[in-house]
Amino acid sequence: MDGIFEFEKWKKEMKKGLVEMCILALLNSKEMYGYEISKELERLSNGVLSIEEGTLYPLLRRLEMKKLIKGEWKIIEGKARKYYRILSLGREVLKDMAKFWSSLTDSVNRIFERGGLL
Amino acid sequence: MTYEEEREAYRLIDEYLDEVRRYLPDDIADDVIEELRTHIIDKANEMGGITVKNVYSIIKSLGEPRKLASEYVIGGERKKLRFELGISEDLYPIFTKIVFWTSVLIILGYIVRMVQYAFGSYNTEISIAKIAMTFSEMIVALVLTVTFLYIAMSFISSNPDIKREFIKAFKEFFGEPIEREEKRREKARKIKIKEEKRPIAGLYLLSAVITIIVAYVIYLSTLELNYTWLMKFLCYTLVIELAISSAINIIAYFYISYKGESSFLIEISKKLIQFILIPWLLIANIFTEDIQIPLFKEEFFDNPSFEGIVLIKIPAEYIPLAKLLTILLIVVLIVDSIIAYLKYVRTMPKEKTIEE
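So the protein lines, in turn, are chains A and B.
In my numbering, each number is its position in the first sequence, counted from 1, plus 54.
In my numbering, each number is its position in the second sequence, counted from 1, plus 400.
Chain A with its partners taken away, still in its complex shape:
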C-alpha cells in the first residue's frame, strides 16, 4: 500500500486535523484529563483515531495557546491531574468544524456514489 502514493502519510495528515476536532467535541461534553482524552478517542473510534501520547499533550497545549481550551490542575479522588475544558471560542470553532465536516462528508459521499464506491 505504501508505494509512491504514500498512503500512510496521507492517512496521518487526514487524522491530524480530525483529531483536533474530535478533542474539542469530547471536551464539549465534559472536562477531561489528557490520558482520559486519549482513551476516549481510542475507544469511541475503535482505534481509528488513536493518537500517540507524545503528540497528544503538545497538541493540547497548542489548542490551549489558541484559546480554544483551558487546562487547570485539579485534585479529584485524591489525584492531581490537569483537566481541560472547552472555552467559548473553542465552542464556536467546533460548531464551524462540525458544519464543515457534515457538508464535506455529504459531498464526498455523493462523489463516492458516482464513482461506484458506495
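Just so you know, the hints here were simulated from the structure itself, not pulled from any lab data.
Quantities reported herein were computed from a predicted structural model and do not represent experimental measurements.
Derived coverage of chain A by chain B (criterion: at least 3 residues anywhere in the stretch with Cβ under 8 Å from a Cβ of chain B; other residues may be distant):
{"#": "1", "region": "104-114"}
{"#": "2", "region": "126-136"}
Cut-off 30 Å, straight-line C-alpha distance, at most; resulting in silico cross-link-like pairs (DSBU-like, lysine-lysine):
{"#": "3", "chain 1": "A", "residue 1": "K133", "chain 2": "B", "residue 2": "K443"}
{"#": "4", "chain 1": "A", "residue 1": "K120", "chain 2": "B", "residue 2": "K467"}
{"#": "5", "chain 1": "A", "residue 1": "K133", "chain 2": "A", "residue 2": "K84"}
{"#": "6", "chain 1": "A", "residue 1": "K120", "chain 2": "A", "residue 2": "K65"}
{"#": "7", "chain 1": "A", "residue 1": "K63", "chain 2": "A", "residue 2": "K149"}
{"#": "8", "chain 1": "B", "residue 1": "K497", "chain 2": "A", "residue 2": "K69"}
{"#": "9", "chain 1": "A", "residue 1": "K136", "chain 2": "B", "residue 2": "K467"}
{"#": "10", "chain 1": "A", "residue 1": "K63", "chain 2": "B", "residue 2": "K568"}
{"#": "11", "chain 1": "B", "residue 1": "K460", "chain 2": "A", "residue 2": "K120"}
{"#": "12", "chain 1": "A", "residue 1": "K133", "chain 2": "A", "residue 2": "K121"}
{"#": "13", "chain 1": "A", "residue 1": "K128", "chain 2": "B", "residue 2": "K460"}
{"#": "14", "chain 1": "A", "residue 1": "K63", "chain 2": "A", "residue 2": "K153"}
{"#": "15", "chain 1": "A", "residue 1": "K121", "chain 2": "B", "residue 2": "K571"}
{"#": "16", "chain 1": "B", "residue 1": "K443", "chain 2": "A", "residue 2": "K93"}
{"#": "17", "chain 1": "A", "residue 1": "K120", "chain 2": "B", "residue 2": "K568"}
{"#": "18", "chain 1": "B", "residue 1": "K671", "chain 2": "B", "residue 2": "K723"}
{"#": "19", "chain 1": "A", "residue 1": "K153", "chain 2": "A", "residue 2": "K124"}
{"#": "20", "chain 1": "B", "residue 1": "K571", "chain 2": "A", "residue 2": "K66"}
{"#": "21", "chain 1": "A", "residue 1": "K69", "chain 2": "B", "residue 2": "K460"}
{"#": "22", "chain 1": "A", "residue 1": "K69", "chain 2": "B", "residue 2": "K568"}
{"#": "23", "chain 1": "B", "residue 1": "K568", "chain 2": "A", "residue 2": "K121"}
{"#": "24", "chain 1": "A", "residue 1": "K70", "chain 2": "A", "residue 2": "K120"}
{"#": "25", "chain 1": "A", "residue 1": "K70", "chain 2": "A", "residue 2": "K136"}
{"#": "26", "chain 1": "A", "residue 1": "K120", "chain 2": "A", "residue 2": "K84"}
{"#": "27", "chain 1": "A", "residue 1": "K93", "chain 2": "A", "residue 2": "K133"}
{"#": "28", "chain 1": "A", "residue 1": "K65", "chain 2": "B", "residue 2": "K571"}
{"#": "29", "chain 1": "B", "residue 1": "K571", "chain 2": "A", "residue 2": "K70"}
{"#": "30", "chain 1": "A", "residue 1": "K70", "chain 2": "B", "residue 2": "K443"}
{"#": "31", "chain 1": "B", "residue 1": "K571", "chain 2": "A", "residue 2": "K63"}
{"#": "32", "chain 1": "B", "residue 1": "K713", "chain 2": "B", "residue 2": "K632"}
{"#": "33", "chain 1": "A", "residue 1": "K153", "chain 2": "A", "residue 2": "K93"}
{"#": "34", "chain 1": "B", "residue 1": "K460", "chain 2": "A", "residue 2": "K133"}
{"#": "35", "chain 1": "A", "residue 1": "K136", "chain 2": "B", "residue 2": "K453"}
{"#": "36", "chain 1": "A", "residue 1": "K65", "chain 2": "B", "residue 2": "K443"}
{"#": "37", "chain 1": "A", "residue 1": "K63", "chain 2": "B", "residue 2": "K497"}
{"#": "38", "chain 1": "A", "residue 1": "K120", "chain 2": "A", "residue 2": "K93"}
{"#": "39", "chain 1": "B", "residue 1": "K443", "chain 2": "A", "residue 2": "K121"}
{"#": "40", "chain 1": "A", "residue 1": "K70", "chain 2": "B", "residue 2": "K497"}
A virtual CB, placed ideally from N, CA and C, is assigned to each residue, including glycine.
Dock chain B against the given chain A, drawing on the hints supplied.
This is chain B only, laid out in the frame that chain A set:
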C-alpha cells in the same frame, strides 16, 4: 512488585523527565513535566503497577525526550532568543542535507586543486607534499564548515519563531522531503534500540594486535629515518600512546570475555590516553617548520624498505594551515573525550534497565 523495583521505576521516570526538561522552554517546563508524570503514573497503574517494564514501555511510546520536547517548542509563542548546543529533531534532516551538499561542494573544489598540483609544473615530491597539505586543508575546511553549520542550526533550533520561518523557507526552495526522512530516521532509531549491542571481544584483541604492529613499525622508522627532533618526539609519543592503547584493548578483551559487556572505565581510558599527544601538538604549533611529511618513492612499492621513504618539509605557504590543524586536533581530542563521557552519563534510559 518489590519496593526496590518501584523505586527503580520512579528513578526511570525522573531520569526521562529530566531529559525532556532540558529541551523545554523554562516558562512551560514545570507544567509539562508534571502533566507527563501524572500520565506515566496513571498509565502504569492501569497496566498493572509502577514497574520498570511498564514505565519503560510508556516512555518509549512517548518518544525520545528531545523529540517530545521539540513538539512543544514548535509553534511556541516565545520571542526571546535562546541558544542551546543541540539541533532539534525536526531540523536535523535539514542539517544533514545541508552538510551533505556543502561537503560535496567543498570536496569537489579541493579535488580540482589537487588535480592541478598533480599535473602542475612542480617536481613530483613537492607536488605530493602539496597534495597532502591540500588534503589536510580540505579536512580543516570540512570540520570548520560542519561546526559552523551545527552552531547556526542549534541557534535556529532554540528559537521557535526563527525555526518556523527557516523550515518554511527551506520547504519553499527544496520541496518537502523532511517528514519522510524523519520517519526513516525514527525507524532506524527503533531498529538500533532493538539491536542494542553486545560488544565483540575478538575485535578488541584484533585491534590490540594491529595497534602493536603499527607501534613497532613507527618505532623502527624513527630509528632509521632522518627525522627532526620534533618528529622524533612525535613518533616516540605515538609509540607510547599506541602501546598503552594496545594494552587497554587486551584488558578490554578479557573484561568483555568474562563480563559480556564493555566497561566505562576502559572506554574512557582509551580516550584519555590520546591526551598524551597534546604536548606534541602544542610544541608543533610553535615549531611548525620542523614538521616533516614522509612520502613513499616508487622503489618503496617494488622493494619495501625505509630507503624508499623520503622526508619533505611542509611548504612555507602551508605553515599557517598546519598550525591551525594542530589546534583543531587538540579541540577534537578534548571534545571526543567529553562526548564519550556524556554518552555514558546523559543518555536516554536503555533497554538494559529492564534486564536489571
